[in-house]
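Protein chains in written order, with this note's numbering: chain A, 1 to 322; chain B, 1 to 363; chain C, 1 to 144; chain D, 1 to 219.
Keep in mind the hints are simulated off the structure, nothing from the lab.
Each residue gets a CB set at the ideal place from its N, CA and C atoms; glycine is no exception.
Watch out, some of these pointers could steer you wrong.
[Unchecked claim] Covered stretches of chain A, as calculated for chain B (at least 3 residues, CB under 8 Å):
{"id": "1", "segment": "87–94"}
{"id": "2", "segment": "197–210"}
[Said to hold, decoys possible] Derived lysine to aspartate or glutamate pairs resembling EDC-like cross-links, with alpha carbons at most 16 Å apart:
{"id": "3", "chain 1": "A", "residue 1": "K221", "chain 2": "A", "residue 2": "E258"}
{"id": "4", "chain 1": "A", "residue 1": "K271", "chain 2": "A", "residue 2": "E295"}
{"id": "5", "chain 1": "C", "residue 1": "K123", "chain 2": "B", "residue 2": "D183"}
{"id": "6", "chain 1": "D", "residue 1": "K194", "chain 2": "A", "residue 2": "E79"}
{"id": "7", "chain 1": "B", "residue 1": "K112", "chain 2": "B", "residue 2": "E148"}
{"id": "8", "chain 1": "A", "residue 1": "K36", "chain 2": "B", "residue 2": "E115"}
{"id": "9", "chain 1": "D", "residue 1": "K70", "chain 2": "A", "residue 2": "E315"}
{"id": "10", "chain 1": "D", "residue 1": "K69", "chain 2": "A", "residue 2": "D203"}
{"id": "11", "chain 1": "A", "residue 1": "K232", "chain 2": "A", "residue 2": "D203"}
{"id": "12", "chain 1": "A", "residue 1": "K180", "chain 2": "A", "residue 2": "D203"}
{"id": "13", "chain 1": "A", "residue 1": "K133", "chain 2": "B", "residue 2": "E354"}
{"id": "14", "chain 1": "A", "residue 1": "K36", "chain 2": "A", "residue 2": "E188"}
{"id": "15", "chain 1": "B", "residue 1": "K345", "chain 2": "D", "residue 2": "E100"}
{"id": "16", "chain 1": "B", "residue 1": "K151", "chain 2": "B", "residue 2": "D187"}
{"id": "17", "chain 1": "A", "residue 1": "K108", "chain 2": "A", "residue 2": "D130"}
{"id": "18", "chain 1": "A", "residue 1": "K36", "chain 2": "A", "residue 2": "E319"}
{"id": "19", "chain 1": "A", "residue 1": "K271", "chain 2": "A", "residue 2": "E298"}
{"id": "20", "chain 1": "A", "residue 1": "K196", "chain 2": "A", "residue 2": "E315"}
{"id": "21", "chain 1": "B", "residue 1": "K312", "chain 2": "D", "residue 2": "E100"}
{"id": "22", "chain 1": "D", "residue 1": "K136", "chain 2": "D", "residue 2": "D147"}
{"id": "23", "chain 1": "A", "residue 1": "K232", "chain 2": "A", "residue 2": "E298"}
{"id": "24", "chain 1": "B", "residue 1": "K250", "chain 2": "D", "residue 2": "E100"}
{"id": "25", "chain 1": "A", "residue 1": "K269", "chain 2": "A", "residue 2": "E294"}
{"id": "26", "chain 1": "A", "residue 1": "K278", "chain 2": "A", "residue 2": "E315"}
{"id": "27", "chain 1": "B", "residue 1": "K186", "chain 2": "B", "residue 2": "E231"}
{"id": "28", "chain 1": "B", "residue 1": "K346", "chain 2": "D", "residue 2": "E32"}
{"id": "29", "chain 1": "A", "residue 1": "K20", "chain 2": "A", "residue 2": "E188"}
{"id": "30", "chain 1": "A", "residue 1": "K108", "chain 2": "A", "residue 2": "D66"}
{"id": "31", "chain 1": "B", "residue 1": "K350", "chain 2": "A", "residue 2": "D130"}
{"id": "32", "chain 1": "C", "residue 1": "K130", "chain 2": "B", "residue 2": "D183"}
{"id": "33", "chain 1": "B", "residue 1": "K363", "chain 2": "A", "residue 2": "E23"}
{"id": "34", "chain 1": "B", "residue 1": "K350", "chain 2": "A", "residue 2": "E23"}
{"id": "35", "chain 1": "A", "residue 1": "K36", "chain 2": "B", "residue 2": "E144"}
{"id": "36", "chain 1": "B", "residue 1": "K117", "chain 2": "B", "residue 2": "E144"}
{"id": "37", "chain 1": "B", "residue 1": "K140", "chain 2": "B", "residue 2": "D187"}
{"id": "38", "chain 1": "A", "residue 1": "K149", "chain 2": "A", "residue 2": "D203"}
{"id": "39", "chain 1": "B", "residue 1": "K186", "chain 2": "B", "residue 2": "D254"}
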Amino acid sequence: MRTLLAVCPVGNDIVYMVRKFREGMSASGNAPVGIKGAVNRTVTIGSPMGVKLPAVKAQMKHVEEDYGLPIPMDAEGAEYMVMLSSMEIINFPEYLGAIAKIMNQAGKTWTLCSTAFEATNAGMQIGNSDLAKLLVSRIVDGAERLKVKTVISPECGHAYTALRWEGANLIGRPFTFQVKHIIEVLGEFQEQGLLKTEGFETDRLTFHDPCQLARRGGVIKQQRNLMNQVAKNFVEMPDAGFMNWCCGGGGGASAIEEGEELRIEAFKKKKSQLDAVKPDRLVTACANCRIVLEEGLEHYQMDIPVVGLTEMIAEHIPEKGA
Amino acid sequence: MQGPLIDTLARQGVTRRTFFKYCATLASLMALPPSAGRAMAEAMAASPAAVKRPSVIWLPFQECTGCTESITRSHSPTIEGLIFDAISLDYQETLMAAAGHQAEEALHKAMKDNEGKYLLIVDGSIPLGLDGAYSCIAGKSNLETLKEVAKGAAAIVAMGSCAAFGGIPKANPNPTGAVSVSDVIKDKPIINIPGCPPIPVVMTGVLAHFLTFGSLPEMDSKGRPKAFYGETIHDRCYRRPFYDQGKFAKTFDDEGARKGWCLFELGCKGPVTYNACATVKWNGGTSWPVESGHGCLGCSEPDFWDAGGFYKALSMPADPLKMVSAAAAVGAAAGVAVSFANRAKKSAAKAGHETTTLADLEK
Amino acid sequence: MPLENIPIVTVSAGAAVGPAPLDGLSGNAPVLLREIAEHVNRLLATGESSAIDLNALPLTPADLDWLQETLGTGEIAITLESDGDSTLNETACPGVWWVTHHNEHGAVVSRFLEVAFVPELVKAHPEDIKIGLEHLDLLISGLS
Amino acid sequence: MNEMQFLTWVRGTGLNIALGIFLLGVIWRLIEIYGLGRKKDLSAPRNVSGASGWNTMFRRSVPPEGMLKKSPVSYIGGYIFHLGLFVVLFLFAPHIKFFESLLGISWPGLPSQFIDLVAVVTIAAMVVVLVDRINKPVKRYLSTFEDWFTWLVTFLPVLTGWMAVQHLLLPYTTMLALHILSVEILLIVLPFTKLFHAFTLWGSRWYNGQVNGHKGVAV
């Protein structure tokens, strides 16, 4: 599965066609059950997985203890406001620690926002502009209340697209702040020499480009520069970058149970890419991709762990004072 | 006139070699392979000359006498004349000495004496308008005459495009209601020799066939002898190679025209015209329209007069495109109207949009 | 006004007259040589004579000139006087005859390339020979 | 109606109607499509050189890396028949004469033997593309009536034109008339089917390129 966007000779953009279709289906109550639930939880509770603020706080506390670094919340005037996806809060707490380490090393001020910690925009996934707008507005309100310069989208494809490209159009006015993907921010730090790492990964690594980040987001070079900073044995899969093949869960297939068969079938393409380079580990920068990839790798009994790029970078940041 | 034809000819001073030469040429004209010329010559030479020359009646209707002119130009004293000596032309208004009642008598005598055996040649179309009053001979409409004379004919030759297809009299708006012979007569073998005028040798070729084989030659779907009308002017045109090379005269006096390039763009109808001009040529093989620098008019095809203009290339529109500007205007108007409607619909939808809520998802 | 002041544009006859001047070659003539060779081969192998009707082929006047020039002139040139001349000329390739029939006005009515030991038309027909024999007999009887 | 009258009709009345509907449809649809306008994108643009509508208009003419190998039939076959259609349509002398009569401008043509060859190659390519559509389960599944229909109305003018020139099956006059008739059907159908891409191609490429160029993606 590779979006038609990249190849259609007459310039059809299938994504927008599907979006229009979803708009109608969702408004008429015909969206898949699973995704309806996710939207419901995001709107009422604040997160598609039902994570509430106390859970985030508990997580913050754990990370603060583990890393010995403060995790600021609602710090007005901070340069960066960091968003999380539920996936990271529940499954990948390392992400928060990684951010703390990186920001600390770069000497940047940053904060979480108590009214807008969840980046995932389930409204956009279900294809409903009104709900998507509601969810984006929470982030905009939070960012403007805290007067931050930049909002950082987590390693989550949809969250990034919803905020970076759709957000301003949803609320009908340009943002007063910038929106960046964490990989973009890391790339900037790297360029500015604010990202100092030590040691190298020596096993064979490859990188899976999330479609929302690369093909639909324009972030392609940064992740490669970052990979090369910490990995000795980084190999590219065939078709990597702009023309990369989907994890199998793109276009919302990961958000619904009915999509499982499709995901497994589509993963064959990914498998052929992986078989071509036979990596020891697979690095990516999208929590959604990560889960779908893991599901696929398990199904095809491939023993390739999947890791997030941000965490991997963080692991190479020297301990403070060390 | 008894004995083989060749003896008859010999008595008229025609040697066997002359006859064979004629047959070779005739075969070439009839687009038959060279070997056929010899076979034809052998067959004709050996065949007994008819005891009695077949009677031929020639009826002129709405015509210009061009066909007769064409035939007579080839008539005497050429070898074709010999073929004519082999027939008895019993009625031909232009050529016969008789006139008035005598002529009518000759016609009726020939019809009576040769009933069921005479060959009827018709040139000119038959007007049906005003009960045929547009053209009458001896107080009878052409329609009446044709029906009467055709009754006893063995076969009919429709000479020229008028008799064969209605010709120029039938051109839009066809004021006289002109039709062809085959539109009127349905129960007799009819052979069409169209052309405006037809090539003389085609006429003599058909007669030669009738005399030697006693039948009409093989015909195409339009009733024309295949031997002469089997291929298009274009296919046998000596300028064809220039067409294939994409070399065209753009005007009648440009460089291309002087170099003899293809006249397609000047409106030549050669590609859709079936006739033998390109090989037979006119005026004793002197030249023919395309060789003298003018495109083919398509005169041996039905309705050539109304086929979209003589100087318009075949690939050009036959009529002025009247609808185009109107259609463009209507299209533009429709486009603008629909655009406004779309915009109105869009703003109405925007104005009437009820914010969807979670409840809507569960509808 | 003196006569020479009247502008008269002279156009050379070659350029102004005739539909196909020297460069009017269609490219159809050279391929004919192969066909002629086929016919000659057949003549040698089986003795079967044959002919090509040049008027039936899309050849320009320039093509015909080229062909005639290319085939060249042989040793025999026969003229048949019968209702207009016919010329039967051997080309430089023995067995290949260029046959042209004219009508009594001198116009060319048909043109053939005949591949034969002797062109058919040249041979005397037995029937005619019989008549000639009768004539001979008559002459002989006149001697006595 | 004999074949000459048929030919005169398709060259006259038929052409008049077909060109009328064609123009009406094309102008209507172009105005309607472009009249829809384009919303201003309020998100902050990411400027990357090479990422713009103009770039995409040309870049999309070249198969993206690796795609040629992935679907050679679609790309090579597609290219051949599109180029073939272009050559046959615009460089065959009788066609140029037709355009000249409509537009008043003309240009040099190509020898008809060459056009003939191109026509045969085009026909072959179109057949291959069709067979590919039938054989590949995904393509077959995605194909609707319109896909088969538009293939046919595009194919027929090439086939009948070639057959007319080659004197195949029917007399030239009839075949030529059928050829023109098939072109008229194509003209009538074109504005209202996917064949309209002949007109919208560049615009939609530009649009696509522009939308993605805003994101800094050179599509």
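Verification of the hints:
Judged by the Cβ-Cβ criterion of 8 Å, the segment 87–94 of chain A is not covered by chain B as claimed, because only 0 of its residues qualify and three are needed. For a cut-off of 8 Å, the count of residues in the segment 197–210 of chain A with a CB near a CB of chain B stands at 0, and the three-residue condition is violated. Proposed proximity of A:K221 and A:E258 is contradicted: the alpha carbons are some 35 Å apart, above 16 Å. At roughly 12 Å between alpha-carbon atoms, A:K271 and A:E295 fall within 16 Å of each other, so this suggested pair holds.
Annotation: proposed proximity of C:K123 to B:D183 is violated, straight-line Cα distance about 51 Å (limit 16 Å). Distance restraint check for D:K194 and A:E79: the Cα-Cα separation of roughly 50 Å exceeds the 16 Å cut-off, and the hinted pair is therefore not satisfied. Proposed proximity of B:K112 and B:E148 is supported: the alpha carbons are some 12 Å apart, at most 16 Å. Taking the CA atoms of A:K36 and B:E115, the gap is near 99 Å; set against the 16 Å cutoff, the hint is violated.
At roughly 39 Å between alpha-carbon atoms, D:K70 and A:E315 are farther apart than 16 Å, so this suggested pair is violated. At roughly 31 Å between alpha-carbon atoms, D:K69 and A:D203 are farther apart than 16 Å, so this suggested pair is violated. For a cut-off of 16 Å, the pair hint linking A:K232 to A:D203 stands: about 8 Å separates their Cα positions. The straight-line distance between the Cα atoms of A:K180 and A:D203 is roughly 30 Å, outside the 16 Å bound, and the hint therefore fails.
Our distance criterion of 16 Å between C-alpha atoms is met by A:K133 and B:E354, whose separation comes to about 14 Å. Distance restraint check for A:K36 and A:E188: the Cα-Cα separation of roughly 37 Å exceeds the 16 Å cut-off, and the hinted pair is therefore not satisfied. Only pairs whose Cα atoms come within 16 Å are accepted, and B:K345 paired with D:E100 is rejected, the gap being roughly 42 Å. This hinted pair checks out: B:K151 and B:D187 have alpha carbons roughly 9 Å apart, not beyond 16 Å.
Distance check on the hinted pair: A:K108 and A:D130 sit about 35 Å apart at the alpha-carbon level, beyond 16 Å; violated. Between A:K36 and A:E319 the alpha-carbon distance is near 43 Å, which puts this suggested pair outside the 16 Å criterion. A hinted pair counts as satisfied when its Cα atoms are at most 16 Å apart, and A:K271 with A:E298 qualifies at roughly 11 Å. Restraint check: the Cα-Cα separation between A:K196 and A:E315 comes to about 11 Å, which is no more than 16 Å; the hinted pair holds.
For the hint pairing B:K312 with D:E100, the CA-to-CA distance comes to about 11 Å; that is within 16 Å, so the pair holds. For the given pair, D:K136 sits about 14 Å from D:D147 by alpha-carbon distance, which is consistent with the 16 Å threshold. As the CA atoms of A:K232 and A:E298 are separated by approximately 26 Å, the hinted pair breaks the 16 Å bound. In summary, the hint linking B:K250 to D:E100 is supported, as the alpha carbons are separated by about 12 Å, within the 16 Å threshold.
Between the alpha carbons of A:K269 and A:E294 the distance comes to roughly 15 Å, so the proposed pair stays at or under 16 Å and holds. At most 16 Å may separate the alpha-carbon atoms for a hinted pair to count; A:K278 and A:E315 exceed this at roughly 23 Å. With a CA separation close to 27 Å, the supplied pair B:K186 and B:E231 exceeds the 16 Å bound. Taken as a hint, the B:K346 and D:E32 pair is honoured in the structure, with Cα atoms around 13 Å apart against an allowance of 16 Å.
Proximity of A:K20 to A:E188 is assessed by CA-CA distance (about 35 Å); at most 16 Å being required, the pair is judged violated. Under the criterion of a C-alpha separation no larger than 16 Å, the hint pairing A:K108 with A:D66 is inconsistent with the structure, at around 20 Å. The straight-line distance between the Cα atoms of B:K350 and A:D130 is roughly 12 Å, inside the 16 Å bound, and the hint therefore holds. The hinted pair formed by C:K130 and B:D183 fails the criterion: a straight-line CA distance of about 54 Å is larger than 16 Å.
For the suggested pair B:K363 and A:E23, the alpha carbons sit about 14 Å apart, so the restraint of at most 16 Å is met. With a CA separation close to 14 Å, the supplied pair B:K350 and A:E23 stays within the 16 Å bound. At most 16 Å may separate the alpha-carbon atoms for a hinted pair to count; A:K36 and B:E144 exceed this at roughly 90 Å. Between B:K117 and B:E144 the alpha-carbon distance is near 20 Å, which puts this suggested pair outside the 16 Å criterion.
Using a Cα cut-off of 16 Å, the hinted pair B:K140 and B:D187 is violated, with the two alpha carbons roughly 22 Å apart. The straight-line distance between the Cα atoms of A:K149 and A:D203 is roughly 38 Å, outside the 16 Å bound, and the hint therefore fails. In summary, the hint linking B:K186 to B:D254 is not supported, as the alpha carbons are separated by about 49 Å, beyond the 16 Å threshold.
Hints 1, 2, 3, 5, 6, 8, 9, 10, 12, 14, 15, 17, 18, 23, 26, 27, 29, 30, 32, 35, 36, 37, 38, 39 from the earlier list are contradicted by this structure; the remaining hints agree with it.
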